[in-house]
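Take a look at the letters that make up each chain.
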Amino acid sequence: MDSILTLENIDKVYGSKIKTQVIFDLNLSFQPGTFNSIIGQSGSGKSTLLNIMGTLDKPTKGKVLVEGRDTGALKKNDLAKLRNEAIGFVFQFHYLLPEFTTLENILMPQWVKNKRIEPEIQRRAEELIEVVGLEKVKNNLATDMSGGQQQRAAIARALMNRPRILLADEPTGNLDSETSNSIYRLLKDINKEFQSTFIVITHDKKIAERTDRIIELKDGKVYTDVTQK
Amino acid sequence: MKFPFRIAWRFLKSGKGQTILILSGIAIGISVQVFIGLLIQGLQSSLVDSTIGNASQITVESQENNGEIFNYQEKEEVIGNNVEGITEMSPTLTLPAFISLEEEAESALIRGFDLEKAEGIYGFREKIITGRLPENSAEVAVGIGLAENLELEIGDTLEVFNFEGDQGEVVIAGFFDIGVTNLNESWIVSEIETAQSIFQRDSITAIEIQVEKVFEADRIGEEVQALLDDDVKVTNWKDANQDLLSGLQGQDISSIMIQIFVVVAVVLGISSVLAISVLQRSKQIGILKAMGVNDRSASLIFLFQGLILGIIGGFIGIALGLGLSYSFMIFATNPDGSPVVEIVINYNFIALSFLIAVAASTLAALIPAKKSSKLQPIEVIRNG
Ligand SMILES: Nc1ncnc2c1ncn2[C@@H]1O[C@H](COP(=O)(O)OP(=O)(O)OP(=O)(O)O)[C@@H](O)[C@H]1O
Ligand SMILES: [Mg+2]
Numbered sequence: 020m021d022s023i024l025t026l027e028n029i030d031k032v033y034g035s036k037i038k039t040q041v042i043f044d045l046n047l048s049f050q051p052g053t054f055n056s057i058i059g060q061s062g063s064g065k066s067t068l069l070n071i072m073g074t075l076d077k078p079t080k081g082k083v084l085v086e087g088r089d090t091g092a093l094k095k096n097d098l099a100k101l102r103n104e105a106i107g108f109v110f111q112f113h114y115l116l117p118e119f120t121t122l123e124n125i126l127m128p129q130w131v132k133n134k135r136i137e138p139e140i141q142r143r144a145e146e147l148i149e150v151v152g153l154e155k156v157k158n159n160l161a162t163d164m165s166g167g168q169q170q171r172a173a174i175a176r177a178l179m180n181r182p183r184i185l186l187a188d189e190p191t192g193n194l195d196s197e198t199s200n201s202i203y204r205l206l207k208d209i210n211k212e213f214q215s216t217f218i219v220i221t222h223d224k225k226i227a228e229r230t231d232r233i234i235e236l237k238d239g240k241v242y243t244d245v246t247q248k
Numbered sequence: 016m017k018f019p020f021r022i023a024w025r026f027l028k029s030g031k032g033q034t035i036l037i038l039s040g041i042a043i044g045i046s047v048q049v050f051i052g053l054l055i056q057g058l059q060s061s062l063v064d065s066t067i068g069n070a071s072q073i074t075v076e077s078q079e080n081n082g083e084i085f086n087y088q089e090k091e092e093v094i095g096n097n098v099e100g101i102t103e104m105s106p107t108l109t110l111p112a113f114i115s116l117e118e119e120a121e122s123a124l125i126r127g128f129d130l131e132k133a134e135g136i137y138g139f140r141e142k143i144i145t146g147r148l149p150e151n152s153a154e155v156a157v158g159i160g161l162a163e164n165l166e167l168e169i170g171d172t173l174e175v176f177n178f179e180g181d182q183g184e185v186v187i188a189g190f191f192d193i194g195v196t197n198l199n200e201s202w203i204v205s206e207i208e209t210a211q212s213i214f215q216r217d218s219i220t221a222i223e224i225q226v227e228k229v230f231e232a233d234r235i236g237e238e239v240q241a242l243l244d245d246d247v248k249v250t251n252w253k254d255a256n257q258d259l260l261s262g263l264q265g266q267d268i269s270s271i272m273i274q275i276f277v278v279v280a281v282v283l284g285i286s287s288v289l290a291i292s293v294l295q296r297s298k299q300i301g302i303l304k305a306m307g308v309n310d311r312s313a314s315l316i317f318l319f320q321g322l323i324l325g326i327i328g329g330f331i332g333i334a335l336g337l338g339l340s341y342s343f344m345i346f347a348t349n350p351d352g353s354p355v356v357e358i359v360i361n362y363n364f365i366a367l368s369f370l371i372a373v374a375a376s377t378l379a380a381l382i383p384a385k386k387s388s389k390l391q392p393i394e395v396i397r398n399g
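Which chain is which? The protein sequence lines are A and B, in order. Here the numbering used here is used: the first residue of the first sequence is 20, the next is one more, and so on. Here the numbering used here is used: the first residue of the second sequence is 16, the next is one more, and so on.
Please keep in mind that the hints were generated in silico from the structure rather than gathered at the bench. Any given hint might turn out to be false.
[Claimed, not checked] In silico DMTMM-like links for lysine to aspartate or glutamate, alpha-carbon gap of 20 Å or less:
hint : chain 1 : residue 1 : chain 2 : residue 2
1    : B       : K17       : A       : E123
2    : B       : K132      : B       : E150
3    : A       : K36       : B       : E394
4    : A       : K132      : A       : D97
5    : A       : K77       : B       : E150
6    : A       : K132      : B       : D310
[Stated by the list, open to error] Footprint (simulated), chain B over chain A, 3 or more residues, beta carbon under 8 Å:
hint : segment
7    : 27-37
8    : 95-104
9    : 117-130
[Said to hold, decoys possible] Calculated Cβ distances over 12 Å to all of chain A for the following chain B residues:
hint : residue
10   : I22
11   : S29
12   : F50
13   : F85
14   : L243
15   : N256
16   : I300
17   : V359
18   : V395
Heads up, the beta-carbon is just placed ideally off N, CA and C, and yes, glycines get one too.
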């Protein structure tokens, strides 16, 4: 099967005066529909790598191919469009817009397209709200929700445009273990249902063990890469 | 376009304190700008009006001093048919003379008018304070100052004469006060025929003209001159009132300076508050960009905020400015109750002020918009 996301010989060097290289000649590729986890010690380069995969950051050297397209060759606007259509993000912090309600935040990736919201899209948003269990607070402002609810809203938002790739950086890092478990169960279900590719950074070995593939980073290199049945 | 507008609107709505702050800044600035503009315009037009509102603005005279103009009806017709923008035209036979009542003699200016036509320029009818305007020949109205100096009364017969030997007798029909002391002390107004019979001629000395646009008097004057022979000369009020004109110009410049500084202060104010709002909202901008909002839309979010603030602030500002102007007219009054300055609503000026409010606010949003456009999502996401 063709890989949906490929990293070729990625280097990342931070700083211009004092240079610190944090990713070293890294190669990885991901198969469509799989649930991948990235683990590794703090400072091993996980977030750096994920941001490069999501085209939010540029590698110092090497190529990032999304669905076969070299993102380094894309113009800024096309890159923005690609992110809107193909990639969903969940970060440790929810980054919901406090000026908008939960439902509006979830619809936001559609609004960005600047088109009329068709009834079908509206229905999809309502469905997502149900999937993440936020029916009761859907008209609350994003600030008027608990941390777990906010994170679930952020997940629903990331899924709104049916992205082929969902990138998550410690999505439950701020949550208690019970909430965290329920969110991973949710992610797992969504992964099955929508057949999108998940790449999730986590600290939690137990959670990683429940995914299809565990990639461990160490000092900016792939240390182990285990695909489980 | 819809997306950035939607976000802009919501940002403004949810940042109420800030929005109200900026709106009051724009509104106060524009209201001051409108008020000062209208006040100065009102001041100037009342100044111009009091100077030349009741006077000849373009005068057709003979090249010689007190020289004669013949066939004046013909000339009036030529001018009236060919020159645009003339509101009043009145022939006059005006000559200096002496008047005497019993022993006392005094120099005076005999002003023979076609009173019907002269009414449009001088408004004598309203200025008669006792008696009435002259009706038949040999009747005159006398300036109140002159009347007091000579202790004249209605019905008195005056003798009029000059050194050329012209002379006649006239009866006083009324006294007028035209508001200017030295005219009140010298003018004697009659029908043109009365003056013609005293001075024994059927010519006149001048055609007096008023125009719609007083500041174009010089241009219109040239048009009039071009229609007539070289034996007449055409003068206009601007030539004789250079001091007034440069005074007005100075006022114009200082009024414009004040308005510019007010607008600049408004721009700086909005700009800094909006710049802060970009900083405060960098998380939102960052995540929107991660979601696929391009740089142009990200900057439009702030440009639209400027635009919306400008439109609303402009409206409020103009309303306030008009309110200020009206209250100024109501509360700043002369002892007789008339306003110190008659303020006239100049729609073009108001529309211009509105445009300035909108343009200035949008301009003020440029730097914040640029900031928003430049913001990299990674900066926000990396630093939480
Ligand atoms: N903007 C930056 N400038 C310089 N160095 C940076 C910058 N961002 C990250 N680094 C360094 O790069 C290395 C990798 O950072 P990264 O955030 O990718 O680690 P991580 O694996 O996500 O760690 P954590 O588990 O703590 O989130 C670290 O040593 C960090 O200090
Ligand atoms: Mg990290």
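How the hints compare with the structure:
no.	hint	in the structure
1	B:K17 - A:E123	holds (15 Å)
2	B:K132 - B:E150	holds (14 Å)
3	A:K36 - B:E394	holds (19 Å)
4	A:K132 - A:D97	holds (13 Å)
5	A:K77 - B:E150	violated (98 Å)
6	A:K132 - B:D310	holds (14 Å)
7	27-37	violated (count 0)
8	95-104	holds (count 8)
9	117-130	holds (count 6)
10	I22	violated (8 Å)
11	S29	violated (4 Å)
12	F50	holds (36 Å)
13	F85	holds (79 Å)
14	L243	holds (69 Å)
15	N256	holds (60 Å)
16	I300	violated (10 Å)
17	V359	holds (45 Å)
18	V395	violated (8 Å)
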